[in-house]
Amino acid sequence: MLLDKEKRCKSEPGASLGYREEIPEITEAIIRSCEEPGSFTHINHEPIPSRQEVVSIVHALQKLIFPGYFSRESLDATNLRYKIGHSVSRLFDTMAQQIIHSLRHDCFRYDKPCSHCSDQGYETATKLFRAIPDLRRILATDVSAAYDGDPAASSHDEIIFSYPGIFAIAVHRVANILYKDEVPFIPRIMSEYAHSVTGIDIHPGATIGERFAIDHGTGVVIGETTRIGNNVRIYQGVTLGALSLPPDAGNRLKGKKRHPTIEDDVIIYSGTTILGGDTVIGTRSVIGGNVWLTESVPPDTLVVMEAPKLSYRASAQKGKTSHDFT
Amino acid sequence: MLLDKEKRCKSEPGASLGYREEIPEITEAIIRSCEEPGSFTHINHEPIPSRQEVVSIVHALQKLIFPGYFSRESLDATNLRYKIGHSVSRLFDTMAQQIIHSLRHDCFRYDKPCSHCSDQGYETATKLFRAIPDLRRILATDVSAAYDGDPAASSHDEIIFSYPGIFAIAVHRVANILYKDEVPFIPRIMSEYAHSVTGIDIHPGATIGERFAIDHGTGVVIGETTRIGNNVRIYQGVTLGALSLPPDAGNRLKGKKRHPTIEDDVIIYSGTTILGGDTVIGTRSVIGGNVWLTESVPPDTLVVMEAPKLSYRASAQKGKTSHDFT
Amino acid sequence: MLLDKEKRCKSEPGASLGYREEIPEITEAIIRSCEEPGSFTHINHEPIPSRQEVVSIVHALQKLIFPGYFSRESLDATNLRYKIGHSVSRLFDTMAQQIIHSLRHDCFRYDKPCSHCSDQGYETATKLFRAIPDLRRILATDVSAAYDGDPAASSHDEIIFSYPGIFAIAVHRVANILYKDEVPFIPRIMSEYAHSVTGIDIHPGATIGERFAIDHGTGVVIGETTRIGNNVRIYQGVTLGALSLPPDAGNRLKGKKRHPTIEDDVIIYSGTTILGGDTVIGTRSVIGGNVWLTESVPPDTLVVMEAPKLSYRASAQKGKTSHDFT
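Protein chains in written order, with this note's numbering: chain A, 1 to 326; chain B, 1 to 326; chain C, 1 to 326.
Check the hints yourself; a few may be wrong.
Claimed, not checked - Cross-link-like lysine-lysine pairs, in silico, DSS-like; alpha carbons within 27 Å at most:
no.: 1; chain 1: B; residue 1: LYS112; chain 2: B; residue 2: LYS83
no.: 2; chain 1: C; residue 1: LYS254; chain 2: B; residue 2: LYS309
no.: 3; chain 1: C; residue 1: LYS180; chain 2: C; residue 2: LYS254
no.: 4; chain 1: B; residue 1: LYS180; chain 2: B; residue 2: LYS127
no.: 5; chain 1: C; residue 1: LYS309; chain 2: A; residue 2: LYS309
no.: 6; chain 1: C; residue 1: LYS112; chain 2: C; residue 2: LYS127
no.: 7; chain 1: C; residue 1: LYS180; chain 2: C; residue 2: LYS63
no.: 8; chain 1: B; residue 1: LYS256; chain 2: B; residue 2: LYS112
no.: 9; chain 1: A; residue 1: LYS309; chain 2: B; residue 2: LYS63
Claimed, not checked - Residues of chain B clear of chain C, computed beta-carbon distances all greater than 10 Å:
no.: 10; residue: SER16
no.: 11; residue: HIS86
no.: 12; residue: ASP119
no.: 13; residue: GLU123
no.: 14; residue: SER144
no.: 15; residue: SER155
no.: 16; residue: HIS156
To be verified - Some chain C residues close to chain A (C-beta under 7 Å, calculated; not the full set):
no.: 17; residue: ILE31
no.: 18; residue: SER50
no.: 19; residue: ASP93
no.: 20; residue: GLN97
no.: 21; residue: PHE185
no.: 22; residue: GLY199
no.: 23; residue: HIS203
no.: 24; residue: VAL221
no.: 25; residue: THR301
If you are wondering where the hints come from, they were derived from the structure by calculation, not from laboratory data. Here the structure is a predicted model, which is why all the values come from computation and not from measurement. For each residue, glycine too, the CB sits at the ideal point set by N, CA and C.
One chain only, chain A, in its complex shape (with noise of 0.2 Å):
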C-alpha cells in the first residue's frame, strides 16, 4: 500500500520557485516594521548582554562552586590547581564582558548618567569571584538541609548531582550578588534559566537565609522582596508572593516590600500561597499544605487548612457513563 500511495503522490518538488520569490516583500514588511514607533526592536552597534553566554557563565560557575561534580575530566590533587585557575582566568574575563555589556545597554538605550561601565564590570566580577568560598560554604549548608529532611536523598552526592532544588539555590545565590550591585538584565537572566530548568522562580532580589532546602520545587515563586531566614524547608508549588494589585501597579510599587518575610526555622508545605510585604511568619512555625495566607503567623505555631469537605459517591465509573462531578 505504501509504494502504491507513493506512485499517487503529487508532489511536485519545483512548487518553491514562485514561493520564495515573495521573500524580498517580506523582508522588508519586516524592516519596515522595525521602525514603527512602539515597536521592539534592538538595532545598533552596541553589544548587549548575550543569554547564551550567560548561561554558559552560570554552567562553568556551577563547576567552580562545585568542584568536580560536573566536569568531564576528572579534577585531581595534581590538576586542582591548574584547573581552577585556568576556570578562574577565563570566567573572569566573560563575566566581566557581559556586565559590561549590560551596563552600555541600560545607560544608552536609557540615556542614564555615565556608569563608569568597563571599571564597574571588573569591579562586580571582582566582587562575585571573591564570594565564592563563601558561596561554597554557604551551599554546603544548603545541600546539608536537602539532605537531613529528605528520606529519598540517599547522599550528598545525588543532591549535589541531581536536585533541581540546589541548583535553583546556587543560581539564586550568585544572582543575588549582581543585583545588589544593580547590574542590569543578567540577574534575572540566570534566574528565569534557574526557573526553566527547575521550574522554581525566585527573584534575584529575594534575600534568603543558610540551610535553605526546596524539595521537588516545580511551582515555587519567591518574589523580589522576600526576606527568608535560617533553615527553612519549602515544598513544590509555594508561592511567596504580592497582594492583588492596582491596574497601575507596575510603576507604584517598584521597590517597596511587596513579599512576606519568613523567619528562621519555617516549614512551608506543598501548594500553600503567603502573600503581603507585611505578612510574617514566625520562628519555629509550621504551614500545612494548601494553605492560603495573607496574614501573619507568631512563632512557634502551626497553622494547617481544615480539611475541605469531600463528597463521596459511588459508583463513579461502573456504568461507564459521563460523569460531572466538578
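Knowing the structure of chain A, use the given hints to seat chains B and C on it.
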C-alpha cells in the same frame, strides 16, 4: 585510605567480553518487537518532521520577531537589511520543508487524500512570514502589558530577554497560525517545546487577544478551544480546562468547544481553575487566587474564594516530635 | 542622540588590568575552600558519573524505544538492522561504563564493600537492553491510553512526538530498571532530567503499571514508594506524596512505604494531593480536582471537594482603584 581502597579494588576491565556477545541477540529482539501489531515505529523512507529542526525554527523566528535581542552579533542600520533578508531566505525553506514532511507523513501514515503537500508547505510558510510584521505589533502589546502590571519588571528589554510568559506567548502566536492552516505535528511540537522551557502549556488551538500577560507562569494550562479577549492577565498555576470527561471522551469530544471563554480586561490570580466550554468570564471581572469555577461570571464581578478555615496550634516544632497535621 | 552618547562614553577598555591581578589570590582562596571540612568537592582521579553522558543515553534510548521518530535520517526496511545493531552496540558500552563509574564512585566515596563494579555494570546494562522489547510493549499501552482519554490528541504519532507525559513515563520505566538493580546516581539523574524537561517529578523507585497516562503534567510529583496499578490517569499538579515528617525524617524513614497506593482504573484530576503510605485509592475510583486526601477510598467511589464558597462582588475594576480581596 583511598589508595588502600584502590589496591583492594577487584574490578576487571576485561569483564565486557562475555556480555558484548549478547548484542546480536538483543538487536534481533528489538527488531522483532518492531514487527508486532500495535507496536509504534516509524520505519519507512519518507522523511518525518524533525523535533530538532522545529526547535531551531522556533529560535530563528524569535530572532526575526525581536530583531537584535537574541543574536550574538549586533544588528545595526548598515547590516539590518542583509541579515534579515538572509535569515528570511534560509528560514523560509526550512519551515516549508518541515511543513511538507508533516503533511506527507500524515498523508502516507493515515492514507489520507492528497494534501498537495509541496504547494501547501510553501503556501503556509509564506502566510507565516507575511504575518511577522503583525505578530511583531501584537507581541509589542503583550510586552507592554507585562511591563504595566509587574512592579518587578525593570524595563521592556528585561521582559523580552528573560520573561517566560513572553516566550510562551510568542511561540503560541506562531503555532496558532500553523494550527489554523491544519499543519499536523508542528504546532504541537512548538507549543510543547515552549511548555518544556516555561512550564506554560498553551494548546496551539487556543484563540488569544492582544495585550495578553502571563506572570511567572509555571503550571498554566490553556486548552485547545479556549477563547481569550484583549488585555487579559493570568498568573502561575491557572488552568483554563475541560470538565471531567466520560471514558471514551477522546473520540467523542474532538473538535467541540470544551474550554472556557475569557472576555476583555479580565485578571485571573494564581492557582485558579476555570472549566467548561460554556463557562464565560465577563469583561473586566477579576477572579481571585485558588478559585475553582465551573460556571459563568457576569461582567464587572470580583470572585474570591471565602478563605478556608485555618487551624492554629501552638508549639509546632518545639518538642521536635513527629507531628501529623494533614 | 546615540552618537552623541557614544562620544560622551567614558568607558576605558584598559580597565581590566588592575582587576586581573587578583586572579591568583581568588584561585588560591577557592582551592583553600576545597580543603575545609564539610565542604563538598569531588577531587580524586576516579571517574564519576557524567550528567551529560546520562542525558545522551536517555535520548539514545528514546530513539531505540521509538525507532524512527527521533532520528534525523529515516529508518527503513533496508537499513533497520544495521542502524539498530550499531546503536545497541555503541550504547551498550556507554551505559555499562556509566554504571561502572557510579558503582566505583559509591564504593570509594563511602568505603563500601566491593560491588564488583565491572561485572555489575555490564550485567545491569545487559538486563536493561534485554528489557527493551518489553518496554516498547508497555509504552505502546501508555501511548494508547494517552490517546484514548484526550480529545486534543490528533494521532498516536503526535503523542510520541510531543507529549511530555510519554517522555516522563518512558524515562521512568528505564530509570526504574536501574533503580531496582541498585545503581547509584544514574536513575535519579535520569528522572530529574525528565523532571526538568517536563515538570513531572517521578522518583525512580515508584512502581507503575501499564496504560499509565499523565496529561499536561506540570507539577506532578510521584514519590519513591508509590504503587500505581494499570490503566490509571492523572492530570497536572497531582502529588502522590508523604505525610508531614518529623525533623529527623531524612534518616528514620528511608526505605519505608511513605507514599500512597493507587489501584487499577483510577482517575485523579488536576491539583489533587494524596498523602501517606497507608492510603489506598480503590480500583475504578475517581478523585476530583483540588482534593486533599490522607485516607483510603474504597473501590468504585467518586470523591469530590465540596465547592468552596465563592464571594461575588460588583465593580471589580470599574473605578480602577486598588482592590484587596485576598
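How the hints compare with the structure:
1. The hinted pair formed by LYS112/B and LYS83/B fails the criterion: a straight-line CA distance of about 40 Å is larger than 27 Å.
2. Proposed proximity of LYS254/C and LYS309/B is contradicted: the alpha carbons are some 34 Å apart, above 27 Å.
3. A hinted pair counts as satisfied when its Cα atoms are at most 27 Å apart, and LYS180/C with LYS254/C qualifies at roughly 15 Å.
4. A distance of roughly 11 Å separates the Cα atoms of LYS180/B and LYS127/B; the hinted pair therefore holds under the 27 Å criterion.
5. Our distance criterion of 27 Å between C-alpha atoms is met by LYS309/C and LYS309/A, whose separation comes to about 11 Å.
6. Of the supplied pair hints, the one linking LYS112/C and LYS127/C holds, its CA atoms being roughly 24 Å apart against a limit of 27 Å.
7. Proximity of LYS180/C to LYS63/C is assessed by CA-CA distance (about 23 Å); at most 27 Å being required, the pair is judged to hold.
8. At most 27 Å may separate the alpha-carbon atoms for a hinted pair to count; LYS256/B and LYS112/B meet this at roughly 22 Å.
9. For the hint linking LYS309/A to LYS63/B, the alpha-carbon distance of about 51 Å lies beyond 27 Å, and the restraint is violated.
10. For SER16/B, the non-interface assignment is contradicted: its Cβ lies about 5 Å from the closest Cβ of chain C, within the 10 Å cut-off.
11. Against the 10 Å criterion, HIS86/B stays outside the reach of chain C, whose nearest CB is about 24 Å from its own CB.
12. Consistency note on ASP119/B: stated as away from chain C, and its beta-carbon is indeed over 10 Å from all of that chain's, at 22 Å minimum.
13. Listed as outside the interface, GLU123/B is consistent with that label: its C-beta sits roughly 21 Å from the nearest C-beta of chain C, beyond the 10 Å cut-off.
14. Under the 10 Å C-beta cut-off, the non-interface status given to SER144/B relative to chain C holds; the minimum distance is some 17 Å.
15. No Cβ of chain C comes within 10 Å of the Cβ of SER155/B; the nearest lies about 17 Å off, and the non-interface call holds.
16. Non-interface call for HIS156/B relative to chain C: holds, since the shortest CB-CB distance, roughly 18 Å, exceeds 10 Å.
17. At a threshold of 7 Å, the smallest CB-CB gap from ILE31/C to chain A is about 6 Å, leaving the interface hint in force.
18. A distance limit of 7 Å between C-beta atoms decides the matter here; for SER50/C the minimum to chain A is near 6 Å, and the interface restraint holds.
19. Annotation: interface hint on ASP93/C violated; nearest CB of chain A at approximately 17 Å, more than 7 Å.
20. Taken as an interface hint, GLN97/C does not check out: its beta carbon lies about 13 Å from the nearest beta carbon of chain A, beyond 7 Å.
21. Below 7 Å, beta-carbon pairs count as interface contacts, and PHE185/C has one with chain A at about 6 Å; its hint therefore holds.
22. Interface restraint check for GLY199/C: the shortest CB-CB distance to chain A comes to about 5 Å, inside 7 Å, so the restraint holds.
23. Interface hint status for HIS203/C: upheld, as the beta-carbon distance to the closest one in chain A is roughly 6 Å, under 7 Å.
24. Annotation: interface hint on VAL221/C holds; nearest CB of chain A at approximately 5 Å, less than 7 Å.
25. Residue-level restraint check for THR301/C holds (minimum Cβ-Cβ distance to chain A is 6 Å; threshold 7 Å).
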